[in-house]
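Using the sequences plus the hints, can you model the full thing?
Protein chains: 4
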Amino acid sequence: MIIVMNADATDKQIKTVDSRLQELGFKTILNQGDVMTVIAAIGDKRLIETESLESMDGVKQILPIREPYKMASRETHPHDTVITFDNGVKIGGNHNFAVMAGPCSIEENPDHLLRIAEVVKQSGAQFLRGGAFKPRTSPYDFQGLEEEGLRQLADVRDKTGLLVVTEVMDSQEVPLVAQYADILQVGTRNMQNFKLLKAVGRQNKPVMLKRGMSATVREFLLAAEHILYQGNEQVILCERGIRGYDSTFTRNVLDLAIVPVLKRLSHLPVIVDPSHATGHRYLVPPMANAAVFAGAHGLMLEVHYDPDKALSDGAQSLNLEQYAAVMRTLNKVTAFYQQEVAQAECLIKA
Amino acid sequence: MIIVMNADATDKQIKTVDSRLQELGFKTILNQGDVMTVIAAIGDKRLIETESLESMDGVKQILPIREPYKMASRETHPHDTVITFDNGVKIGGNHNFAVMAGPCSIEENPDHLLRIAEVVKQSGAQFLRGGAFKPRTSPYDFQGLEEEGLRQLADVRDKTGLLVVTEVMDSQEVPLVAQYADILQVGTRNMQNFKLLKAVGRQNKPVMLKRGMSATVREFLLAAEHILYQGNEQVILCERGIRGYDSTFTRNVLDLAIVPVLKRLSHLPVIVDPSHATGHRYLVPPMANAAVFAGAHGLMLEVHYDPDKALSDGAQSLNLEQYAAVMRTLNKVTAFYQQEVAQAECLIKA
Amino acid sequence: MIIVMNADATDKQIKTVDSRLQELGFKTILNQGDVMTVIAAIGDKRLIETESLESMDGVKQILPIREPYKMASRETHPHDTVITFDNGVKIGGNHNFAVMAGPCSIEENPDHLLRIAEVVKQSGAQFLRGGAFKPRTSPYDFQGLEEEGLRQLADVRDKTGLLVVTEVMDSQEVPLVAQYADILQVGTRNMQNFKLLKAVGRQNKPVMLKRGMSATVREFLLAAEHILYQGNEQVILCERGIRGYDSTFTRNVLDLAIVPVLKRLSHLPVIVDPSHATGHRYLVPPMANAAVFAGAHGLMLEVHYDPDKALSDGAQSLNLEQYAAVMRTLNKVTAFYQQEVAQAECLIKA
Amino acid sequence: MIIVMNADATDKQIKTVDSRLQELGFKTILNQGDVMTVIAAIGDKRLIETESLESMDGVKQILPIREPYKMASRETHPHDTVITFDNGVKIGGNHNFAVMAGPCSIEENPDHLLRIAEVVKQSGAQFLRGGAFKPRTSPYDFQGLEEEGLRQLADVRDKTGLLVVTEVMDSQEVPLVAQYADILQVGTRNMQNFKLLKAVGRQNKPVMLKRGMSATVREFLLAAEHILYQGNEQVILCERGIRGYDSTFTRNVLDLAIVPVLKRLSHLPVIVDPSHATGHRYLVPPMANAAVFAGAHGLMLEVHYDPDKALSDGAQSLNLEQYAAVMRTLNKVTAFYQQEVAQAECLIKA
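Chains as they are written, first to last, in the numbering used here: chain H, 1 to 350; chain D, 1 to 350; chain G, 1 to 350; chain L, 1 to 350.
Some hints could be false.
Identical copies look the same in the list; a pair holds intra-copy or inter-copy alike.
No more than 16 Å apart at the CA atoms, straight line, and that leaves these computed lysine to aspartate or glutamate pairs for EDC-like [what the hints assert, rightly or not]:
(1) K70 <-> D80
(2) K121 <-> E54
(3) K309 <-> D57
(4) K198 <-> D141
(5) K309 <-> D18
Derived by calculation from the structure, the hints in this document are not laboratory data.
Written out as structure tokens, the structure is:
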């Protein structure tokens with residue numbers, strides 16, 4: 001950590017700051033410059049709130065040097081995390097591409113979910129996604145089938161062999177959802193629900209953490225760190241679009257560059273959800289393919305039996321036929337990417 | 001609701017949409033224009049997901065007409081909500097100005113909290129704020145004293161007569177926090193933690209809901225609606241700064257214009273937290289005074305015994321002396337506002 | 001255009017609005033609903049400022065129906081604009097992919113520019129980019145070689161056969177820059193410099209218009225409309241990243257979904273600049289490839305002789321060797337995209 | 001400037017960076033830490049592009065220490081700039097409050113402008129604002145009366161004694177506009193039109209620079225620096241709202257906290273335009289009063305003869321009667337602020 005003192009900081013102020021740093025366990029080096037004094041504090045920044053130092057007399061700025069997360073960082077864990085499921089499916093690393101597809105919400109008719117799952121399976125996906133507990137902006141919108149939805153998912157898993165990813169919205173519901181799901185999803189609106197992060201961190205199912213609506217890269221990785229810190233090392237990061245200033249034509253702004261950024265900073269797998277990010281189905285295929293070339297380890301896609309009658313997010317859902325067509329192309333795209341591009345990408349260091 | 005059809009929509013497409021609307025319980029009127037057909041659907045939009053209509057063949061756009069919240073809206077509840085506490089203190093309406101002051105986190109030494117509370121009380125505030133459960137971006141930061149912190153707050157309340165506002169972070173902790181607090185605070189990061197909103201909506205303490213980091217006005221009022229919908233009518237809205245694109249000199253962007261916007265759309269009281277919004281103590285006094293003129297019903301202010309040693313948010317906290325000085329001015333400012341400005345403001349209708 | 005009246009609008013207010021619309025040349029249809037009256041105004045919205053209608057008594061909301069641009073829209077011009085240069089190179093349409101590469105600024109040593117151009121040419125690009133007039137945030141930064149830079153560009157064009165794209169910053173300099181350039185670039189900071197847009201609209205060279213830092217899709221297409229409206233039909237749109245709330249790891253947020261959005265709304269070619277968008281060279285290859293799959297008609301790439309000594313934007317520039325490697329992959333990627341993906345993408349309508 | 005080297009930077013890399021810094025004229029100090037080496041480079045950062053250093057091998061991060069502007073900064077110019085006009089009116093410093101009021105655009109009927117000006121004058125404003133050259137997002141909107149508008153302004157100035165502030169949009173028009181105006185306005189969309197900034201910097205009329213739509217504090221002050229650098233020391237900064245993610249209820253987000261931030265960093269006067277910032281007239285009075293308490297040196301207000309028929313920005317314009325009412329309150333508010341608040345605000349240092 002670097003502490004820059006004001007040009008007119010007095011010797012006493014400099015000394016006070018220096019002492020406080022030493023009190024806090026840092027080794028300090030003073031640079032007396034022509035213009036100002038700079039103190040280099042060596043030690044673990046994670047132990048302190050830099051903001052309180054910033055308000056000391058004579059301090060101009062605190063410049064952190066290390067990233068604030070630790071277990072999520074590639075520095076402490078250089079190799080890619082690869083999550084392996086009982087059936088041999090893997091997420092993360094160089095040679096696995098995960099597709100999670102299904103409806104936004106589980107709806108009443110279980111035959112529809114089964115039909116979707118069959119198409120999803122056939123087209124080459126490994127995971128069935130679907131919400132039983134739904135975070136809804138309005139209390140007047142459909143709130144999900146809850147446990148009934150979880151049962152449908154488990155039932156379809158038994159019939160198809162697909163793994164199940166579904167959202168958990170509250171620390172109290174973690175045990176229930178974990179009973180049915182193969183991956184616990186923490187949604188965008190809960191990315192900084194720290195009690196929930198801790199709760200999913202204390203059980204042993206993989207967690208898919210969706211980026212918050214306006215989360216910075218550091219906040220995102222620190223949210224993952226909360227989970228890792230509780231002992232759960234199986235965390236998947238998911239980019240799903242951030243809040244932009246123009247939602248006329250896309251619901252959110254899909255920030256694909258975060259994929260290579262996260263892969264550089266962290267060892268955790270990164271997937272992309274182009275359906276929620278864009279909100280319009282015609283944008284899903286180009287953004288899905290683009291995500292592959294951004295280096296994503298997988299995709300979440302919304303598919304619905306009859307999107308015009310969906311209880312949530314119909315406009316962004318593909319119907320079964322569209323989904324099958326998208327997957328035919330996507331399978332070629334991922335194969336091409338693996339063969340021709342994946343290696344080449346590593347040539348330029350950050 | 002207005003459904004605009006594409007210029008080249010076929011009669012069959014128009015008819016299908018019209019039928020679907022009638023199925024959903026709407027009365028419809030067709031406008032056949034030179035350029036396109038427009039369907040006016042009269043009925044309760046809250047019953048459906050407009051997005052699924054949007055994806056029907058031939059539909060260009062759906063234009064909502066009514067605001068999506070109902071109980072939070074001034075249309076259904078024209079008079080200001082005024083929350084009255086046992087000791088006679090009021091929040092909301094025209095003649096009450098609430099000040100909530102105290103440290104960001106409750107820390108170990110209970111004498112410090114008591115000393116802060118005495119100054120807070122003396123200067124004219126009615127509420128002591130302070131966090132026992134702390135939502136922290138990093139797992140390595142101080143997470144709060146939890147129940148021990150709540151006990152300190154209750155103890156200081158007994159000694160000073162101040163009312164207590166403190167954050168609850170998880171649905172499971174609502175009963176515990178409600179036992180000690182006079183107002184339950186739902187923090188920025190939990191504005192769309194719907195299980196928590198429901199939980200605080202089902203008990204009978206006032207709730208202060210902080211605006212999410214990038215929440216729109218509608219999302220904010222819909223979050224309040226989740227609480228109201230459960231039967232709790234005592235909701236206070238709090239603007240605390242939104243995420244901006246430049247955090248070099250202010251932590252967030254304080255959006256003061258939301259105060260008159262919310263007062264027009266809703267009957268709920270609106271307060272402002274200039275400490276978290278700006279992140280720098282020298283910005284607190286001008287923004288606090290400005291908030292009064294924006295029409296806020298109250299303020300949250302951070303005060304710390306020794307800001308340079310605060311375990312959280314030191315840089316934005318006032319020390320006791322600064323706080324007392326700020327309040328001396330603020331008291332004059334609110335009095336002047338009541339006498340000379342409050343009435344005049346109402347002359348221009350929205 | 002749809003005018004929604006307040007629930008409590010009086011008959012007189014409705015009549016006044018209706019008359020004013022008719023005065024303005026609209027044909028009107030009144031929908032008297034249970035809740036409110038809605039007026040459909042049929043005619044050319046472009047003739048009026050809707051905002052002034054919005055402030056009339058009794059008006060709740062004005063809902064536009066048509067996009068506000070006309071010449072830039074695909075509705076009035078269904079086929080892709082393809083720009084053809086004297087040497088047969090094309091931009092736009094289905095089968096052309098344009099690469100514009102070169103240094104951010106033209107610097108003193110003309111041999112460096114020539115060397116870059118040779119590599120650019122060899123690797124398969126058709127355009128040399130380079131700034132002679134530089135828009136610089138700080139007056140202390142290098143402001144460009146001006147005419148001397150233009151001469152270097154022209155000289156290298158003669159030697160290599162590459163076409164030249166370079167920025168013009170002011171209406172007064174349009175004739176000078178047009179004398180040397182094959183494409184006139186209007187930069188991000190000038191996207192709404194309307195006098196400049198008009199000036200480039202009145203000459204007959206193609207114009208590449210970069211999206212403004214926080215320009216909406218409509219503002220971007222309206223800026224293009226200013227150029228088209230003056231008679232110049234050769235406009236290329238360029239996405240180059242928008243302002244985000246986190247510039248710690250990427251300079252801007254590359255908004256790739258705008259590519260298919262623009263291609264749906266407009267017939268104009270769309271290219272992507274991943275160098276300025278990300279600001280870091282390791283992000284350029286994945287984002288360049290991703291842009292191809294988003295459907296871009298071309299790319300702008302920054303290449304420098306010796307990026308560590310660049311007078312501007314060194315950190316995002318590729319060196320010659322890196323550039324050549326990126327292009328080897330890119331050429332395979334664009335070929336694969338043409339063969340396997342381009343057609344498939346069109347299956348899902350907006 | 002602080003250069004932080006990677007943890008695994010080699011001695012050779014450190015040496016190369018150190019040498020390059022010395023070549024560039026910096027004095028350097030090396031801190032060899034346990035974790036990494038940090039180089040403090042003392043000298044004028046303004047001479048170099050830090051980005052090119054950032055891309056050197058082994059460099060992790062460059063941390064600037066001084067603000068990049070110089071003439072605009074309070075460090076080099078501690079006393080407030082006060083601009084004095086021929087008639088004795090002043091902008092800036094502690095005891096002057098400037099009001100600039102008038103229509104968005106000058107329209108055909110000169111009697112209307114005169115009538116507005118009379119009310120503006122009577123109510124206590126010193127400046128008449130009004131656009132003759134209008135930057136319009138759409139080419140189909142009214143583009144302004146141009147020189148005819150300037151003549152109207154000058155004529156009204158002669159009749160009323162008000163000073164005139166009007167926009168100049170292009171470097172070529174600076175001499176013409178300067179002939180008529182007392183203050184040259186550079187609009188939001190031109191904040192980084194550097195040729196225009198240079199042109200207004202080379203003449204000797206005061207310039208009012210409006211903040212760009214998504215300009216950071218540094219970009220704003222660097223734009224002012226471009227003007228100052230050409231020799232014109234009379235620059236007024238104007239906050240007019242920034243782009244937000246929710247324009248449903250306010251056009252932009254009024255960032256009032258930038259007022260005290262700018263006053264701390266710079267000596268230049270700062271005014272606020274609540275009309276453009278909010279876009280709705282009912283928001284103008286509370287935001288105008290709030291701006292006073294944020295410490296603004298003045299306000300721009302839109303007033304129109306008949307807002308419902310305005311050719312631009314009608315919805316945010318006050319009519320004459322509303323304006324007069326707003327000013328009656330504002331005059332009391334500014335007086336109260338001067339007497340009771342202005343001094344008190346200075347107690348807390350940044």
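Enumerate the violated hints, using their earlier numbering and listing them in ascending order.
-> Per hint list: single violation, 2.
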